[in-house]
Structure formats: structure tokens, C-alpha cells
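Visitor: Model the placement of chain B on the given structure of chain A, informed by the hints.
2 protein chains.
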Amino acid sequence: MSRIYVVGFGPGKEEYMCRKARQVLEEADCIVGYTTYVRLIRDYFPEKEYLETPMRREVDRCRTAVEEAKKGRTIALISSGDAGIYGMAGILYEVAQEMGADVQIEVIPGITAATMAAAVLGAPLTHDFCVISLSDLLTPRELILKRIRLAAEGDFVLCIYNPRSRTRTDVFDEALAILREIKRGDTPVGIVRNAGRDGQEAVLTTLAECSGEQVDMFCTVIVGNSKTYVKEGKMLTPRGYVIREEDRMK
Amino acid sequence: MSRIYVVGFGPGKEEYMCRKARQVLEEADCIVGYTTYVRLIRDYFPEKEYLETPMRREVDRCRTAVEEAKKGRTIALISSGDAGIYGMAGILYEVAQEMGADVQIEVIPGITAATMAAAVLGAPLTHDFCVISLSDLLTPRELILKRIRLAAEGDFVLCIYNPRSRTRTDVFDEALAILREIKRGDTPVGIVRNAGRDGQEAVLTTLAECSGEQVDMFCTVIVGNSKTYVKEGKMLTPRGYVIREEDRMK
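If you read the sequences in order, they're chains A and B. Just remember that my numbering sits 2 ahead of the position in the first sequence, which is counted from 1. Just remember that my numbering sits 2 ahead of the position in the second sequence, which is counted from 1.
Check the hints yourself; a few may be wrong.
Because identical chains share one entry, a pair is satisfied inside a single copy or across any pair of copies.
Using 27 Å as the maximum straight-line C-alpha spacing, the simulated DSS-like pairs for lysine-lysine come out as follows [unchecked claim]: (1) K229 <-> K148; (2) K233 <-> K72; (3) K72 <-> K50; (4) K50 <-> K73.
Because the hints were derived from the structure by calculation, they are not lab data. Remember, predicted model here, so these are calculated numbers, not experimental data.
Chain A on its own, in the form it takes in the complex (with noise of 0.2 Å):
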């Protein structure tokens, strides 16, 4: 039976990856991933064969696996993050279904940017939150936006995905703008570029003070709820416990 693994190998350090996908890669007869993913993990298995492919030929990727794959081979289709989060889980269930292949596809889950930031950043995910990407190549802006009002209007955190690319530079100031008319100036917002990898480095600023310029493609953007503060440089966001042990001790 054909075997595509789908991998998400967590943020970049080895270390941040599951044992499961270590074994998956180790074992595997062929890695095939974005060129830049390929060189995130080439230096811990570099006895495998590779086959890359350019960013946004996503489809071509996919079906690259499938017919290598079909071969008998067994394959791991690698994402950064977790497969499934923005990642090539789902495009290669449509692709390997789209070819009538009869490929057996396992996803191999892995630590997303999300949690990588808010780890760096201190706790602001301890309650409800979003995650929203910028990209609007596959999703009109309108909706985009429309999610970020109603984030707000829920006072979720939100965690945003692909804050900004070299030729999009404007969605995260609208989206800025929007958050603006409806959570305090003083929101804390905490910035992380490159969570998880090599120059790892995290910014805490409030969503008054916070600006586009700050942000690039390699950054995950953590806003807090009404309740997130920041104390000893840790952004924090409560879920009520000590409060509640208080009331008890009375």
C-alpha cells in the first residue's frame, strides 16, 4: 500500500520536534517539501533523498508526493508548524483525491507558531482564542477582516498567522485599525519572529503603540483579551484561579 506521511515538524529546532515525526522522516524513502522547509530540517536527516519545490505550487507539491507514492515508495510531505494548520494536510487529501490515488495519508501532528509564541511570550493563550492568517491569496480580505472584527467583539485572543509578506504590507494595519475602535489602546501585543528557530527574538507592545513596520512574513502576532497584562515582562493572559482560591480561603 502507498504511504504518504503528511509531517508537520513544529517550528525549526529539532528539538521542538515529536518523536513521531522524527521516526516518520527517519524512515521515510523520500522528503518532499518548500524549499525552505527542506533546509530547516536537511541538517538532521541528511542521508534522505529530497525533492523541492518552489513556494505556492502547493498543488504541484501534492502531486509530486501522490506519484511518488505511487511508486510504492513511502513518502513524508513535510509542513513547518502543524501539518494541518495552514499546512499541506488538507490540499493533499484533495489532490491524492482529485487523482483517484489509492494512498493511504497520515497526519502527523507538530507544535504550531501559535503555541511556540505564546511559550516564548509568557501564557496569553490560557483562554479562548483565534487564529486568523493576513493571506489573502486564497481568502478575500473582506472576510479576513470581518473575522477580526468579530474576534474582538468576543474578546477572544487572537493569534495572527502571516501578519504580512513582502508584497502585502497593508492587512495587518487595517486589521490594526479595527481592533483599534473596539479593545483598549492598552492591550498588550506580543511580536515573535522566527518562534522556535534560529534568531529567535520577541517584541511586547500594545496594540496603541503596535505598527505594520514592526511585523514581517517570519512573525506570529499575539493580541490579548480585556484581562492579558504583561508583569516582569511576561504576557499574561488570567483564567481566574488565584482569585478563586482567594474567595475560598476566606
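Guide: Showing chain B alone in chain A's frame:
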């Protein structure tokens, strides 16, 4: 320097734990955690010293961790999934700050139930999504249901944690009622019980067919967006890649 690692050990099975988590657990002088979580990992680290505390004693658990760390010991405070998502990271920071303890805290991220359940179901989280806990112990029920409504209005995929407990049996049905007002009855719903643990089970149903009887405290529930469909037993939320590629071919 006293040091506490807050470790998300993932869904439960050792193969989904990241290497850093395993390393920290191996090196810790003492592992502190809720009894059920200790049971999940004890077999993997049988030689360690454990301090167990019962459910709902989160503040006590953190105080224990801080007191032990102040003795100069390295402590691992464990959560299942990711320690920052409804986990112990936030409350530990709060308790350590309240105690004025000079303790270094580091959060080690893990694979959270959302991504594990998604991997089991197919690829339902490939578009913007909300994570909402239905536990009303520390969150007013009105706020939870307001968030459910806004998430539906934004056509987010919903990932529901803690859909039901032994004593809280009605919030899930209330949430379903709201979702049915806004979303189509044939919207796919995936329920994963014991995701990434022994006894893992998955059920695919629809918003119209789903009921509170199908879920318990071990379940994670994913409700699709307007584009989500089920094909060949997999729940998929398309991002639009295939259509895009076909456009190119013309």
C-alpha cells in the same frame, strides 16, 4: 537559580512528545502534576520523583512547584497537550509573582488537542479557527455562548475543548442550538475521544445530527466552516488551492 519548566507533554502517547519536553522531564529533580497526568507519563519516566495534586487544586499545585524550586531543585510542572492552552503556564506565572519568588520559569510547548484531533479527522483546521472551552467554572456561561455565536457568524472553524463534564451536561447542547441558528445543518462535526491516547475514537456527524449524548470530558469537537466537507471518511476544510491551480491551467 531556582527553575521550573512548565511542560506540555502532548496528547498522552510518548511518540507525540517533543524532544525538549522529554529531556526536561528526564532532567527534573521532581515532576509536579495532577494525578491523571502523572498516570499518563509515569511509565515513560518510572524513576522520577512525583508530587501529585488532585483536580481543581491548580493554585496549590503551583505553590508546591514554587516551594520545591526554592529549595534549589529543578521542577517540571506538567500539563497534557500544550501547557499554555488552558494549561498550567498562566497560573504558575501568577502564583510565582504573587509569592514574590525568584524563580526562572520556562514554558515547553506541546501538541495541543486541537491539532491532534484535526490530524485524526483529516484536515479540518486549514482555515481560520477559534478554540473555545465550554468549562464554565471560571468563565461566565453567557460569555462562552457569545463567543460561540460570534465564531459562527465569522464562519470560523470551531474547536471545542471540554465540551461536557460529569456535572456540566447542558452547555454543549446550548452551544449546538446557537450554531444551528447560524450554520447549515449539514455542517460536518468531528468528535475525537482520547485523541492521541490509548482508546482513541473518532466520530463524524453533522450539526443537525450531533447531540450532547455523544461527548464527554475526554472529547475534542471540531465544527466545520461553510466550506468543510467529508469525503472518503475524512473531514476537510479546503483553502482553495486546487481551484487556483485549475485556473492557472486554463
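Visitor: With reference to the structure, classify each hint as holding or not holding.
Guide: Each hint tested on the structure:
no.	hint	verdict
1	K229 <-> K148	both (23 Å within a copy, 17 Å between copies)
2	K233 <-> K72	between (55 Å within a copy, 20 Å between copies)
3	K72 <-> K50	within (19 Å within a copy, 46 Å between copies)
4	K50 <-> K73	within (17 Å within a copy, 47 Å between copies)
Violated hints for the displayed structure: none, as all numbered hints are satisfied.
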